[in-house]
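J.: The residues making up each chain are set out below.
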Amino acid sequence: MGLFDVLTGKRKLARPAPDRLFAMTTANITFETELGIRTAGRAGIVFQALATADFDQLVKDMVEVVQGISEDSHTDVGSQDDEYGYRWIVLRDDDFDDLVVGINAVSGAIEAGGYGDRLLCAVFAFTNSAGRPLYFIYNYKRGSFYPFVPAGGAQQRDSESELRLKAQIGAELPIEPELERWFPLWGIPI
Amino acid sequence: MPRPTTFGKDTGLQVRMTLTLFLLGLVYAALVGVIFASGYTPLLIIVAVMFLVQVFASDKLALHAMGAREVSPQEAPQLHAMVERLCVQANLPKPRIAVANTPMPNAFAIGRSPKSATVCATTGIMDLLSPAELEGVMAHELTHVQNRDVMVMTIASFFATVASYIVQFGFFFGGGGSDDDDSPSAAVVILVSIGVYVVSFLLLQALSRYREYAADRGAAIITGRPSALASALMRISGGMERIPQRDLRASEELAAFYIFPPHAKNSLMNLFSTHPPMEKRIAALSRLEAQLQGAA
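Protein sequence lines, in the order shown, are assigned to chains C and W.
Oh and the first sequence: position 187 is 186 in numbering that gives the first Met the number 0, straight run, nothing missing.
Oh and the second sequence: position 16 is 15 in numbering that gives the first Met the number 0, straight run, nothing missing.
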């Protein structure tokens, strides 16, 4: 926001930056071959569901869109609301590449419907070699990824593991450079 | 099929705000000219120093004055998570979060810039509102943070404060150029200051109202739910009448905590500070909701 925008209080939401999502597909190769991190077969995309008539229709259409492109890949699609009033579209598929394609289809459909600025994040669920869950979150506003490792206990995250992951995968994946933007998402339904 | 952006531009509001800022600038320029010509510059410098002190020290002072305490994510998980998601949507760094333990429903934002900001909610407002309504209120405060309203209003009110100080203390600081026929006498400076003070007071009130409208609009854009904020405002304005007189007077006394007089108290953006009438705010939000639904 420029100085004039600040003075006059202009508001504009950041447009989504979906193009870097596919970096996840290449990163997944490194995950599996070098780091022992496997996909948990689940991915989700979270957005603000506006209470307009065409948005509801959009969500219904979207489920069909994903089912359409994934006929041969058996992606399961579901939608649910989380406790904070945001809507999740959850995809389940053991093939990671299909998950990324599905997420991209969903975000593309939302954007085509004109609601692109309501997209928050895409989340990919993994398990590490010790069997602990970890997530990679893609922030649509900033076009960057960051790891999210919930630790045991309420609202606790394992920052050490997250920073280690950043160091391990930072060359393959555009990681969010500002640590203060690594927003946790509590209550991820995947 | 592609749609136009969800909310149209509010050019009228921006024009009014720009005009107000411009007029304020003119009025202040006149005051500065008179001050320099008359030797009141030492007063200007003293006020500037006090001003800087307020700008840099006011955050902790304001929090303490409102009885607010910073809370960790473990202490207020819902509030933190709500603000976090709003920050993702608004592309803002997450501010510090504080809670004030009082039944009076209110929320405010403090801080010079988005990187050093704090947003605070009272326990009263957290109990009163539903989660969607509280989200609208927090989005309103986050918009204040993003628009740097605290900084803008503090700077905008600087010369008005100088003018008020000249009016109050002008006689003690008498012009250094009183022997010189060409420079204005103390009386002229004080008269000009009165004029500047009156005009700038009105302009500042207008500016503050416009920034509240802008913050409401920003909240509607960030959450996509203008009706939630409208409903929150309705609930709060109903609630304010139920609060006993004692609480309102108590918070007025705390205004003495500030270095600057209460009418220039701009170190925090209160939900209700020099606000437009509630009906007008709700009407503006209803128009936004109609735009949102109508575009569908």
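Mixed in with the good hints, there may be bad ones.
Below, simulated DSSO-like cross-link-like pairs (lysine-lysine); rule was C-alpha separation at most 30 angstroms, straight line [said to hold, decoys possible]:
1) W:K59 <-> W:K93
2) C:K165 <-> W:K59
3) W:K93 <-> W:K8
4) W:K8 <-> W:K114
5) W:K93 <-> C:K165
6) W:K114 <-> W:K93
It is worth saying that the hints were derived from the structure and are not from the lab.
J.: Compare the structure with each hint and give your call.
T.: Going down the list of hints, with the structure as the test:
1. The straight-line distance between the Cα atoms of K59 (chain W) and K93 (chain W) is roughly 18 angstroms, inside the 30 angstroms bound, and the hint therefore holds.
2. Of the pairs offered as hints, the one joining K165 (chain C) and K59 (chain W) is violated, with about 35 angstroms between alpha carbons and a cut-off of 30 angstroms exceeded.
3. Pair hint K93 (chain W) plus K8 (chain W) holds up; C-alpha atoms about 26 angstroms apart against a cutoff of 30 angstroms.
4. Straight-line distance between C-alpha atoms of K8 (chain W) and K114 (chain W) comes to about 27 angstroms, which keeps the hinted pair within the 30 angstroms bound.
5. Distance check on the hinted pair: K93 (chain W) and K165 (chain C) sit about 21 angstroms apart at the alpha-carbon level, within 30 angstroms; holds.
6. Distance hint between K114 (chain W) and K93 (chain W) is fulfilled; the C-alpha atoms sit about 8 angstroms from each other, no more than 30 angstroms.
In terms of the numbered hints stated before, the structure departs from hint 2 and from no other.
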